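Participant: Protein chains in written order, with my numbering: chain A, 120 to 327; chain B, 120 to 327.
Watch out, some of these pointers could steer you wrong.
Stated by the list, open to error - Some chain A residues near chain B, calculated using beta-carbon distances under 10 Å:
{"#": "1", "residue": "I131"}
{"#": "2", "residue": "Q132"}
{"#": "3", "residue": "F152"}
{"#": "4", "residue": "I157"}
{"#": "5", "residue": "A161"}
{"#": "6", "residue": "Y224"}
{"#": "7", "residue": "K251"}
{"#": "8", "residue": "A281"}
{"#": "9", "residue": "A284"}
The set of hints was computed from the structure by calculation and includes no laboratory data. The model shown is predicted, which means the values in this text are computed figures rather than measured ones. We put the CB at the ideal spot given by N, CA and C, even for glycine.
Protein chains: 2
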Amino acid sequence: MDAASPKRRTRIQNERRELILEAALEMFSQHGFRGATIDGIAEAAGMSKPNLLYYFRSKEAIHVTLMQRLLETWLAPLKELDDAGDPFAELSGYIRRKLEMARDYPRESRLFANEILQGAPRIMPMIEGELKALVDEKAAVIKGWMAAGRIARADPYHLIFAIWATTQHYADFDVQVRAVLGPQRGGDGRFDDAARFLEQLFLNGLKL
Amino acid sequence: MDAASPKRRTRIQNERRELILEAALEMFSQHGFRGATIDGIAEAAGMSKPNLLYYFRSKEAIHVTLMQRLLETWLAPLKELDDAGDPFAELSGYIRRKLEMARDYPRESRLFANEILQGAPRIMPMIEGELKALVDEKAAVIKGWMAAGRIARADPYHLIFAIWATTQHYADFDVQVRAVLGPQRGGDGRFDDAARFLEQLFLNGLKL
DNA sequence: GCATTTTTTGACCGATTGGACAAACGTTAG
DNA sequence: CTAACGTTTGTCCAATCGGTCAAAAAATGC
């Protein structure tokens, strides 16, 4: 069986595949799936198009590999939300981790945003599967905190959406954020300002 | 002078241009600028490609027209924020209007999101001009409310970003929201649930 | 060393892209 | 009715798209 056999890869294969995925992340996150081209990715990766297609059989194969990796990174911060911890500390930590991801991995955030914007044609199963399951689980945790009177009552799903939206905004809408804040305030400090604001908004908003 | 002359248009020209813009909104918002094709837009508008190019000289001309219209609609809700009104009522009204726009004009929201995601290559001047000026003005209004001790102190720019992010999320990430909420909770009621949650979050978050 | 396997490339393919053009077709004012 | 103008289309174009293929070049195992 070919398909089931574990893929043995040479040193060069590992290196070149990383190069390609790095270049593809740049292109897909900026232009979307249809907007990105194999020629463009190949050029950015410093190799010829047939050479790229020697390592990935198609454009979609690159995208699939990228999305699979992405989702693991993506779900990690929410997985850390701990039932047994202090609700405010847990939520505060989650917001901080998500904001750090927007700061350190903006291209991954935009890649994800592009896919969802286009109707999630290639990752719908993962959204309805893994992601929904995890959100259901953590929403129940938050609901537990509310029922125990430890934080104010609010819809836990929409709370999670709000955390996603506000944090990812600083990656997905980065050029707008920087343009509106101007040269001074739009500098490196903008993430610290955002962290302070979001901490206040969510923690105050959930006070009893 | 040709460029400066006011464009006189026949009845048919007005009708067909509207048809094209409607079809283009659908395509651009789903696939981005590069991902959308003239052939696709023409087919969706029910006409041949050369016929479409009789009404718009190029793909970019359609996009520019669409973006110009969009920005007016886009800035309207924030423009209504009234210095003289009650701060909580004003902010609450602004959130409600933005959420209604996400519900009623999701394609416009996604068109805007696509453009910003790609680095705003075609509307950067408007972002740095009109949009920044309006945000500066309204941020000053909010700052005034804070200085007067009418709402809690917080960064007004990041407050506006947070309102944008949370409301537009329900248009831009609609498929994800619906998938996570599931068939029952993801129905028509999701916008009412979102409205209730955001009202609580922001108003509680800004209480003194 | 040599034979085998892996890697790289130039040339090429059919399909699609954005757009040009002239000819044909409709509409309408006089 | 007819001339002028507005509208529509079929055909064509060069460029680019995703992808193939055979052959050359480089690395590797012995």
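Participant: With reference to the structure, classify each hint as holding or not holding.
Facilitator: Hint check results:
Taking 10 Å as the C-beta contact cut-off toward chain B, the hint placing I131 of chain A at the interface is violated, the least distance being around 32 Å. The restraint placing Q132 of chain A at the interface with chain B is violated, with a minimum CB-CB distance near 30 Å, outside the 10 Å limit. Annotation: F152 of chain A was flagged as interfacial toward chain B, and the flag holds, the nearest CB pair being 7 Å apart, inside 10 Å. A distance limit of 10 Å between C-beta atoms decides the matter here; for I157 of chain A the minimum to chain B is near 14 Å, and the interface restraint is violated.
Interface hint status for A161 of chain A: violated, as the beta-carbon distance to the closest one in chain B is roughly 17 Å, over 10 Å. Below 10 Å, beta-carbon pairs count as interface contacts, and Y224 of chain A has none with chain B, the closest being about 15 Å; its hint is therefore violated. Annotation: interface hint on K251 of chain A holds; nearest CB of chain B at approximately 5 Å, less than 10 Å. With its C-beta approaching chain B no nearer than about 5 Å, A281 of chain A sits inside the 10 Å limit, and its interface hint holds.
Here the hint on A284 of chain A is kept, as its CB sits about 4 Å from the closest CB of chain B, short of 10 Å.
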